[in-house]
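Chemist: Spelled out from the first residue to the last, the chains are:
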Amino acid sequence: MSELHKTAETRGSDLRWQLSDADLEELFRQSKRIKGESLGRDAWRRVRRNRPAFAALVFLALVAFGSLLAPLWPLPSPMVLDLQDEPQPPEWVLARGGWDAKDIWDLNPLDSALLQVRASVFGDLQTGHWLGTDSKGRDLLSRIVWGSRISIQVALAATLCSLIVGVTYGAFSGLVGGRIDNLMMRFVDVLYSIPFIFVVIFLITILNEYRAVLVDDYGIEHITVFYFVIGLIYWLTMARVVRGQVLSLKESEFLAAARVLGASTPRILFRHIVPNVLSIVIVYLTLTVPAVMLFEAFLSFLGLGVEPPKVSWGLLAVDGIEAINPIKTFWWLVFAPALAMGSTLLALNVVGDGLRDALDPKLRGK
Amino acid sequence: MPGVSVTPPPLSPPSHARRLRTVGPAPGRWRRWAALAGLALVAAFFVRIALAARLSRADLVINNGTEIASLDPATVTGVPEGRVMRAIFEGLVAKHPRTLAPLPGMAERWELSPDGRTYTFHLRPSNRWSNGDAFTAHDFHFSWERLLRPMTAAEYAYLAWSILGAEAYTLLDPDDLYAGTEALTSVALEQLAPGRVRLAPTAFALAHAVGAAPGDRPAVGAALDVGAPLWTLAGRAAPSPLAGRVLARGDAHVELEVDENAVRNALAAGRLANDEDWRATAFSFVGVRVIDDYTLEVELHSPTPYFLGLTGFYPFFPVHRGSIERAREEFPSTWQVEWLDPSRLVTNGPFRVSERRINDRIRLVKNERYWDAERVAMRSIDVLAVESYVTMLNLYLTGEVDWIDRIASNLVPRLLKRQDFQPEPYLGTYFYRVNVTRPPLNDVRVRRALALAIPRLDVVEKIVKAGQLPNFSMMPHGVTGYAKPEMEHAPRGSGIAEADAFRRDCDEARRLLAEAGFAGGAGLRTIVINYNTSEAHRDIAEVLAASWKNELGIDVKLENQEWKVYLDTQRTLDFDLSRSAWIGDYDDPNTFSELWVTGGDNNRTGWGDERYDDLIHRAAREADPKERMRLLVQAEEVLMEELPILPIYTYVTQNVVNPRLGGFYENSRDEHFMKWFYWRDDAELEEFRSSLPAGLERVPAPGPTEGQYPPAGRDAVVR
Amino acid sequence: MLGFLARRFVWFLLTVWVVVTVSFFLMRAVRGGPFSNERSLHPAIEANLQARYHLDWPLWKQYLQYLGPFELSDTGPEALGGDGTDRFGGLLAGDLGPSFKYRDFSVNDIIRQSLPISVALGSLALVFALVLGLGAGILSALYRGRGADVWIRLAATLGIALPNFVIASFLILAFVFVLPLFPVAGWGTLAHLVLPSFALGAPFAAYISRLTRTGMLEVLSNDYIRTAHAKGVPPLRVLWRHALKGGLLPVVSYLGPATAGILTGSLVIEKVFAIPGTGSHFVNSALNRDYTLAMGVTILYTVLVYGLNLVVDVAYSVLDPRIELEDA
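Residue numbers (my numbering), protein chains in the order written: chain L, 1 to 366; chain D, 1001 to 1719; chain S, 2001 to 2328.
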């Protein structure tokens, strides 16, 4: 703003609004050079300055990296049983072993390649049981790493689903307004009051009956479908948040200004509404991911979640709480999964908070 | 947004809250005080209500594992229900807590007729109900009629079908009779030749009723023997002869030579206006007779060695007619529930119910009117309904519960080293059902190969761990008087290493598979194991699958199912292999062998064999106990040759019991009798501890250090 | 206000009807029935059982019977001309029917027995959540950026980052086995309530503290607070009279979803601590295919969630008279 202001001032106060064509051209040229800092860039700058949030972001990146490249790490198989009397405590040693594709539930081509890389890099070297084993002799560290894949997959699938449905529904409702908006929101209220546990049990049953068809004909694991369904539960809140934001944007002054200045509808939509909605959506997403992960744990607790031999953090946490008793507490079974889950969700929350602060227009530029 | 949102999203306060945050006067401070105080008050109020009925700790607290379905002994099934039933009711006979041999119960003595078919029970005249009413033979007559009556819908009614005419009575559907001949002709009757018909099982009952002869009781069963004349219940009381006779009789059908018009007329005449009349008349043909107030005669249709034991099984326990009828008058629409309310329930056992809170506890208190009250030590017992393994173990370890009946397999190795965990074999088998209607499992060689290549020792030692016994037959270990035949396999034990024996079994399995045309698993489709969601079932399935893959080259897939879905797939034969278990109802091979007759309700394998059916049928009619056992052994030999099931192991009990608790004995049925429970004093506790195997970890034994013995004294306890 | 309540009531009825209808048919579409068991019933006996509970009727008729009270059978309620042996009066008569699994109880009985327990647990958890959450939130806002703030926020976030059964296990480990202060599980005394309500309230305390902190920070930066301070009003009084409102209002609006969450969460906590509340019926009834009990708790849940949200809305308008209740 400052340069433009200066230009105007040098022309003297009485000439302020009588600019020649050259002046106007100059003004236009200069204004083109001015770059407002985009919301995204501003936010990124502020997230980086927010140390806890940045640290959390780095941690999350590490978790995602470790989880994505799980086959690469020299870990024992998370699935093969090595029956023992009872869980073995952590042991900080290296061991010989290694395993191949048949010792895991499923692998995509990338995973197989990673597994090959692992074999050529590490040979048959692998970690001992660094976090101990569970009651069937499976390595806990490996199960946490592989379990993270399912937990993350679940969270992402569900979140994505809630994102698509929730944003569309909420934005439509907010933009249309009036009776339709009211009806759509009442419908959301009604859905809010339905206990989803029945829906979930019902779906598990249906999916169980058709799982063979799903896998054979469509190549879809029934679990993927299942978690999309969970996403369909979480879209409700998303829809409300988005609608609220759209409504308040519709009434906002800067939008009115844009409209007065003759901005086209697509421009208003994409330059003003989308970025402003996006910020709250991103914040809400970082909160949906933990919520879905906790919901997955909740389902595992009830025995309705991920099915063994697949493993998720929720399932590991459930196994862990069975180890608490005064006869013998296998502490690693309790603490390791809780730590993995707790720190990741903590990081997600911290990032969420950081993003909220960063994207809050009221705090812009600070 | 217009209005106030119903549920604002978490973490984002509604917009109006923000909009209003700075303007206007602050609400009066009393509002906030009032809101907070109100909330606290409400909370306090609810807590107060919820805690209103606080109970002090009972003499004994046990965990029953779940909320029981009902207090009505006729309609319940299941171990937790049985535990409560044995405490509050008592049958004609009771059982010795260790040996399970019959002891006097409501009957002080009994006789069996020389032909083994008629029991005469002599009731103790001093028996009383818990409300003081006299207890007579009529009570059993009433209760057993109720057990058999179709509208009671008692799941265990079939156990009483060894009583003469009882099966017919249960299956008698008055609607069929009202419908008259249509039921006979259109649904169930197959005309073989003029005047000669075959009746399907549903009409079997009808045939019984039609064939009831009045003059020479015992009637129903006898009348249906081949060649017997047919009779009918014409009118209320007087059955009359019907022109016809029984030609042949199998379990699935009966062939009659009969004049259909006569049947039609008889049934038309037999229509009765009043259902109750019908029943009274019909029940008079069942072999339960009151000779006098204290004598009950029970006639069986054939000698049934386990019948005496059955009268000590809870479906046969008596219920109090007076209180049921009173409830019926008082609550015409809800009496079926009301008579079971603790305030109205009248019982005849060592305890009565004083309070019941769903999912929490049943409080039992001693029934002072019980005939043997002198020998009952506990004055009050709490029966909890905790379901979680972890929670119940924690409750036990903190001394809040004295007996739990299940543990997580994780801790078994540690518990085995303790004085309070002494598992014993238990009358139950863990096995897989095979769907023999599906190829390749319809080939007995494939089934045998699968059965041989099961690493049973790994399963019991590495997974379930509590001393379960590898089993090679359907029958579990420890059925009294039964030398169980095993499926053919390499001998084990006495110097033969398990690994060697298992290797030889696997060699044989490979040979069989090759013989069936699937050498090395080639050409075999993937076989699916169904199991209900549970960690242990999955682990076992996984070990089996690995072994079948490695030893036989068979691809196996595991599929877990939610409990009710699993039951449904099993029932509709929608599986290859289905994880199963069977716990015996009584100590006799019959409780296992009757499962596998062709078309049996619990067969669920699609398997049937005439040799097997015939042997079971003959055993059921055999008077000589030795010969009967021989026939049952032969039947199981057939079963183990055909292998519609793959036996895996015999169960063990999993009780963890406070060492101070006396009168608790492990037994093959895992049945325990709280009547005999008492607290050991310190001296006896030490004696008990030293009687246990040496080297076990000494565990705390909370409870009264001076013990708690029955009024009749220390020597009155059972040992 | 009255108009608002009336409109809300209509929506409420509609919601309940939708929930009843959807769950009724959903439940029956699932494989397996209430009487399927490992031990198969004799077909004749099973038929008797089915008849006793009218499961042999066509679905539409069962549905009408459930909505009741309609005279559909000659064994129906006496008031409707039946012979009274069938006591089931139907939903409209306030009768949720007999439980299939717990045969000595009607669904009404079960709810009557278990609901006060869940409500006691839930309200105590709510009090915990409010006291801890508000306290932590206020402290955290006052000490913004300092050590206390960081630690409080960390603890609060942990409350959201762990499943409540894990929190419960840690509590048991700490306060039962290491420091034997409380009973491990069960029901009967106030001591039995402490750990479960704490475990149940923890995640909500965490949310509330965050809400409070945000609200307080916004309020504390306002001019009138500075004015109040400048005028020499004692800090605690400023806090109580002015600043707290910023924290309290968003919290009040959060109480609706919080209560719903506590209801669902109590299901897990009741299992871990063996508390005989309504929560355990929620899942068990569905797994047992105990149709009537499942319907009963579903309806109960719906009514509670809807009702509590309504209470929250009204409380909101009472707390802040400038908010008008409107419902287009």
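Check the hints yourself; a few may be wrong.
Stated by the list, open to error - Here are the computed lysine-lysine pairs in the DSS-like style, where the Cα-Cα straight-line distance is at most 27 angstroms: (1) L:K328 <-> D:K1626; (2) L:K102 <-> D:K1549; (3) D:K1549 <-> D:K1462; (4) D:K1417 <-> D:K1462; (5) D:K1484 <-> D:K1462; (6) D:K1417 <-> L:K310; (7) L:K102 <-> D:K1626.
Everything labelled a hint here was simulated from the structure, so no lab data went into it.
Here the structure is a predicted model, which is why all the values come from computation and not from measurement.
Chemist: Hints numbered earlier in the text: which of these fail when held up against the supplied structure?
Modeler: Violated hints (numbers, rising): 1, 6, 7; every other hint is consistent with the structure.
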